[in-house]
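Number of protein chains: 2
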Amino acid sequence: MKASYYEGNKTFTVKEKEMTLPAEGEVRIRVAYCGICGSDVHIYHGNMDARVSIPQTIGHEMSGTIDAIGEGVKGFEVGDKVVVRPLDARLEDASDKGFSHIAKKLKFVGIDSEGAMQQYWNIMASIVHRLPDDVDMKLAALTEPVAVACHDVRRSGLVEGEVAVVLGGGPIGTLVAMVARLTGAKVIVSELNPKRIKMLRGLGFDVVNPAEQDLLKHVSELSNGALADVIFEVAGVQASVNTMTEIAGIRGRIVGVAIHAVKREVDLKMCFWRELSFIGARVYEPQDYEHAIRLVGEKILPLETMVTAVYPLSEIQKAFDQIAQNPSGMKVLINCQG
Amino acid sequence: MKASYYEGNKTFTVKEKEMTLPAEGEVRIRVAYCGICGSDVHIYHGNMDARVSIPQTIGHEMSGTIDAIGEGVKGFEVGDKVVVRPLDARLEDASDKGFSHIAKKLKFVGIDSEGAMQQYWNIMASIVHRLPDDVDMKLAALTEPVAVACHDVRRSGLVEGEVAVVLGGGPIGTLVAMVARLTGAKVIVSELNPKRIKMLRGLGFDVVNPAEQDLLKHVSELSNGALADVIFEVAGVQASVNTMTEIAGIRGRIVGVAIHAVKREVDLKMCFWRELSFIGARVYEPQDYEHAIRLVGEKILPLETMVTAVYPLSEIQKAFDQIAQNPSGMKVLINCQG
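One line per chain: the protein sequences are H and V, in this order. Heads up: the first sequence is residues 1 to 338, going by the numbering used here. Heads up: the second sequence is residues 1 to 338, going by the numbering used here.
Next comes chain H alone, as it looks inside the complex (with noise of 0.2 Å):
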């Protein structure tokens, strides 16, 4: 079998490697596709050199197929369509209260451990979930980013009538606008680069240019003047940090699904005037992984217009080198079935 390997310095290596028996507890899974996620962009440019132990197969955004059981697997078959949630929380103790997908000792499969992109991938059973058998394989690798979707729309209790407002549609803003807008609420979304505002308005999304329009203008228009009930702060600046408090409505709920490397000015004044909240908003949970899971099986997301490209496993340096000359492309997927 051949797997890919992060070897520091912008560098990936595709090798031979032996195929292993799963060890107790765990599946094999034959590798379909891996999609390139922010975070494994952070790791190719060094970000994150001291979390990942070089070299290492990274990869988390998987789809694939049962391959072989180890001992103690129930309720898997050879041949299932599976997917992973790459969350390792077998640490997690009292003190997390029960949220174990952001448990204090929680390890992230894939980058806090051995990832996907490869051709077979051991992994343990309790973190691998089932796909419908007519599921399309490309699209079951958005799997893990529609879920992170389906939870930060859950946290943000949006629902049907409401005006939401998505700040930045990258992947995950796009998804995020997608899930939003299947609760029936008016989804609005703020985004700077043409190619991505030139995608999102061909599926069908309000799409707001904030260098060239005024967004608080046009949320107070399409909300009667009420502004909004919920934001999505995907886009990770200080300007969408100014933003968000801007936009918001009396009581409304702004959800921070970005990540900010440093402390961000926030308008707290804003926040106790109109008695807004801000919400958290990391990873997902497994019932967000099983909404998600319906989503791409039942087709119910546009979300063939999320692929931008794919590569071969054995081409996976130029699929990072594109990414990371590309600003405006969406998901790039490896195919691991070379």
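As the list makes no split between identical chains, a pair holds if one copy fits it or if it spans any two.
In silico DMTMM-like cross-links for lysine to aspartate or glutamate, where the CA-CA straight-line distance does not exceed 20 Å: (1) Lys263 to Glu246; (2) Lys104 to Glu246; (3) Lys97 to Glu221; (4) Lys97 to Glu285; (5) Lys97 to Glu246; (6) Lys10 to Glu315; (7) Lys105 to Glu246; (8) Lys217 to Asp93; (9) Lys104 to Glu221; (10) Lys105 to Glu221.
Simulated from the structure, these hints should not be mistaken for lab results.
With chain H held as given, fit chain V onto it using these hints.
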């Protein structure tokens, strides 16, 4: 009758005023006591001259007795002991989504319109709440700030067994701590002022002076490493904004009680990482007032300790001058019955 007037430039006068009959929908209240709120002190310092109409009678933390009843008013009798919920939401509209207590065009009675620091006060009956007949009228003047605390604690969702930290043990922080303790939660108060620390310890609170003791360590020990479930940010300074995210455990709820005049640096990454919520909380809703009236009426809270001084209406100038010179004081009342 006598009425006091804020005249600008840290100056109050007390003058004779003609008593008038209550208009339609109003009652006339013989004011018993009126507490001096932090916002009243802001008025004294000239910080709110754009909002008040000089000369103006201010004051909203009052207790009193119904003295006359205007046309069309039901449910009150002369002699009823009452408090006023000083929120005039008559300009509320649909875009306020039913949250009349924070409506965009809300007027705060005693700031945006005539207040209670006078012998008799004509006020619309719709915001008057009845007190039990045997209530202590001095303590009843604390109903308004107690209602703030009830609202803050309700917004937090604090329940028995949780760990709550109140950042700032001034008048509002102390009342929040008292109401929080009633839930059965473990309550820690963080306060720097030695006199306030002494008073809070006298009330049986677990008080940390963060200049002398490691608050994070103390919270961690008390919670078996889970950190705080709820934080009330009452101090309103950058240091407490830094602390609030440090001491919050997984899914912790931070209630923003303080008014921050400037934007603050907030650790949004920690909000994301631990899925924290920051919840703005402003004034109170009618149910918070009813809760506060019950707590005051049934003497459930040790409110006597809060009253550090009582001045007759004729000495209102002295009362404000003393507060400005004494940052350790808690609640100062004006006796309007003189």
